[in-house]
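Chemist: What follows is each chain in one-letter form.
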Amino acid sequence: MNPAATIDTLTSSVTISVKAGEKGLSGRGYMIMRSPDQFRLVILSPFGTTVAEMFMSGDHLLYVASSQNLAYQGVLSELPDAPALQGWRLLRWTTERVVPEKAGQEHMSRRRADGERETVDFDAQGLVLKKRVDGDEVRYEGYQSVNGVPVPTTIEITDRIGIAVRITLDEPEVNMPLDEKAFVPALDGVTVLPLSQFPTS
Amino acid sequence: MRLLAVFIMVTLPLAANAAPIPPLQALENLRQGFAEMRDFTAEITQEKQLAVMKRKLVSSGSVRFRKPDLFFMELKPPYASRMVLRDRAIELYFPKEKNRQQIALPAEEGLSRWLDLLAKPLTAVPEGVEAKADLTGETQTLTLSPRKTGQVRAITLTSGSDGRLRKLVIEERNGNRTAITFHRLKANVGLGEKDFRLE
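Going down the list, the sequences are from chains A and B. Numbering-wise (our numbering), the first sequence opens with residue 4 and increments by one. Numbering-wise (our numbering), the second sequence opens with residue 34 and increments by one.
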């Protein structure tokens, strides 16, 4: 495993669990990522059919409620207070690559481009264990070597208001070519509404 | 070359045996097979093929059903989940996450509504659905395609001469495809309430 190797693309089946106070949601699905800021998440029903798909590119988010032929799109700042969507505004930050400034460094504190103070904990190999920015925190566990690239198989995101998202990767594939349509939603016959209208209950 | 010739000789008659049959007849065969069951259990294999991915997601598990409107499905790890559907109420349990969820289906999507349709002989293919069917030996294949644009592009049901389901394939408009194969189906085993518990 090469701690300096980077993830350019990732595809993996995933198990996702979101906890917001007493409320909880879990599901299985599939995630596709192209560094630095393109994501596609497919959530499946127990029957295997698609429940929802989420496409993120930069600050733009599209949520497709597949079984209802409805979609919601907008920018992350319009994200409503809905448990199903919380935590995702942190996805890009979660997948940002950070390396220690020197060998053996276990802790780093730095000012980000947006002015926020970020702290990062590394293990002895220089792999990120935890990142924190202004109350948002992400933890990385169960690193596996995939084609020599270190990949955390469990990612736990806890945001500043206490919503926790746990993503478990199963058999991830790293730096494989992606289909051209990987980040293109199929919206034929789908009504697209503003993200601000996403149901919050 | 000789092998190729043998292959063609063996497979051509099989292909020729797939004879179209009236879709209504295929639906009625399925309905009659179902009418003879009070309950059933089966083992299942679920294969999910996403349009953008080469690898299939494969799960195995079991299903149980009891008339009039009770259904249970359990998938084994690594994607372990249990689901109970009581007419319109879905209860889901994810043992690894110890997470329980409840979902209410709209009235028109409840299990009893669909099963009511199977209570008496069918006289026509349901409205808004395009249907085609064929018979290969004792295996019947029925494909239903909703005419209206929706999530599902087509559902294909494969059954035996007894009208019992062997395979269900759901094709979605987004290109994703799910195949559920039923193994060791046992009918009228006398399932009780305890067989439909989540925990």
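Simulated from the structure, these hints should not be mistaken for laboratory data. A quick note: this is a predicted structure, and the numbers were derived from the prediction, not measured. One thing to keep in mind: the hints can contain errors.
Taking lysine-lysine and the DSS-like style, the derived pairs with C-alpha atoms no more than 30 Å apart in a straight line are [as the list claims (entries may be wrong)]: (1) A/K26 / B/K131; (2) A/K184 / B/K89; (3) B/K200 / B/K165; (4) A/K26 / B/K165; (5) B/K131 / A/K22.
Not close to chain B: a few residues of chain A, all C-beta gaps over 10 Å, as computed [stated by the list, open to error]: (6) H63; (7) S148; (8) V154; (9) E176.
Ideal placement from N, C-alpha and C gives every residue a C-beta, glycine not left out.
Chemist: Which earlier hints turn out false for this structure, listed by number in ascending order?
Modeler: 4 and 9
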